[in-house]
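Trainee: Numbers 1 to 221, taken from the working numbering, label the letters of the sequence shown in order.
There's no promise every hint is true.
Here are the computed lysine to any residue pairs in the SDA-like style, where the Cα-Cα straight-line distance is at most 20 angstroms [what the hints assert, rightly or not]:
1) K116 - C85
2) K159 - G202
3) K116 - G66
4) K116 - V157
5) K116 - W96
6) K116 - L177
7) K116 - G128
8) K116 - R175
9) K159 - P101
10) K159 - S217
11) K159 - D127
12) K159 - V149
13) K159 - R175
14) K159 - V139
15) K116 - G95
16) K159 - P86
17) K116 - E89
18) K116 - D137
19) K116 - D98
20) K159 - L195
21) K116 - V150
22) K116 - F179
23) K159 - L173
24) K159 - D211
25) K159 - F114
26) K116 - R104
27) K116 - V79
28) K159 - K116
29) K116 - V129
30) K159 - F179
31) K116 - G82
32) K116 - V71
33) K116 - P126
34) K116 - P101
35) K159 - N178
36) K116 - T140
37) K116 - S63
38) K159 - L177
I should point out that these hints are in silico values taken from the structure, not numbers from a laboratory.
All values reported here derive from a predicted model rather than from experimental measurement.
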Amino acid sequence: MLLSAAWFATPPLHAQTPSTLTEVRLVGDIHQTIPFQGGGTVFSDDDGFFVINPATGTGQAFSVIGPQPHVGIDGYANVPSGGACPAAEYFSVDGWADVTPLVRVRAADVFFLFGKVLDAAAAGVPDGVNVDAVSVDPVTCDLVVSIDVVATLGGTVYKPDDLIRWNGTAFSLYRALNFGVNIDALHIISDTRFLYSIDSDGMVPGLVVQDDDVIESIPNG
């Protein structure tokens, strides 16, 4: 999930109204229908992402991997142009999928449409681990991911509420939230501010949230 106005948001994103966001990009975990620009509705499988206009409540759907049984897009990051990092779109899936005839991915891979950014097998990620949130550090341009189970990566144990850095060669801890929740969508705004969503209704510091809420975290938590 990505709130694209957040990257350069001034005033700070906190307390903004939906009309101040230029667009919301998100991946749903189920098949769904949304209002379509110009009237009517658009049906989206979970094989792609939505681009929604918060001011009008309408949007468009974009397929990424095409209909494939029992697999869908699980993590999504859009790096906009104009920042320190090259513009790109990154994805992860919740199972084995053929992205192109030459690119096959598993649940812990992070990829763009022409290859893998994080090759889980080469990086030593155990079977059964799913990368379900993907973002990018806007300063270093490293990947920042979250996983859906407790697992050992590169000799370190990580939890589903840890934010994990992948610099192309090794994993390291980007931030330990210690919220006791599963982060399943993430957007890094800066080294002290990020947006996220969790996979079930629950509590984070100071808030009772649902799994379709977007939460902003700032330095004081």
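Trainee: None of the hints should be skipped; say for each whether it holds.
Mentor: Here is what the structure says about each hint:
no. : hint        : in the structure
1   : K116 - C85  : holds (17 angstroms)
2   : K159 - G202 : holds (17 angstroms)
3   : K116 - G66  : holds (18 angstroms)
4   : K116 - V157 : violated (23 angstroms)
5   : K116 - W96  : holds (13 angstroms)
6   : K116 - L177 : violated (27 angstroms)
7   : K116 - G128 : holds (18 angstroms)
8   : K116 - R175 : violated (24 angstroms)
9   : K159 - P101 : violated (34 angstroms)
10  : K159 - S217 : holds (18 angstroms)
11  : K159 - D127 : holds (16 angstroms)
12  : K159 - V149 : holds (6 angstroms)
13  : K159 - R175 : holds (11 angstroms)
14  : K159 - V139 : violated (24 angstroms)
15  : K116 - G95  : holds (15 angstroms)
16  : K159 - P86  : violated (29 angstroms)
17  : K116 - E89  : holds (12 angstroms)
18  : K116 - D137 : holds (18 angstroms)
19  : K116 - D98  : holds (12 angstroms)
20  : K159 - L195 : holds (18 angstroms)
21  : K116 - V150 : violated (23 angstroms)
22  : K116 - F179 : violated (30 angstroms)
23  : K159 - L173 : holds (10 angstroms)
24  : K159 - D211 : holds (18 angstroms)
25  : K159 - F114 : violated (30 angstroms)
26  : K116 - R104 : holds (9 angstroms)
27  : K116 - V79  : holds (16 angstroms)
28  : K159 - K116 : violated (23 angstroms)
29  : K116 - V129 : holds (17 angstroms)
30  : K159 - F179 : holds (10 angstroms)
31  : K116 - G82  : violated (23 angstroms)
32  : K116 - V71  : holds (17 angstroms)
33  : K116 - P126 : holds (17 angstroms)
34  : K116 - P101 : holds (14 angstroms)
35  : K159 - N178 : holds (9 angstroms)
36  : K116 - T140 : holds (19 angstroms)
37  : K116 - S63  : holds (18 angstroms)
38  : K159 - L177 : holds (9 angstroms)
In the structure shown, a violation is registered for the earlier hints numbered 4, 6, 8, 9, 14, 16, 21, 22, 25, 28, 31, in ascending order.
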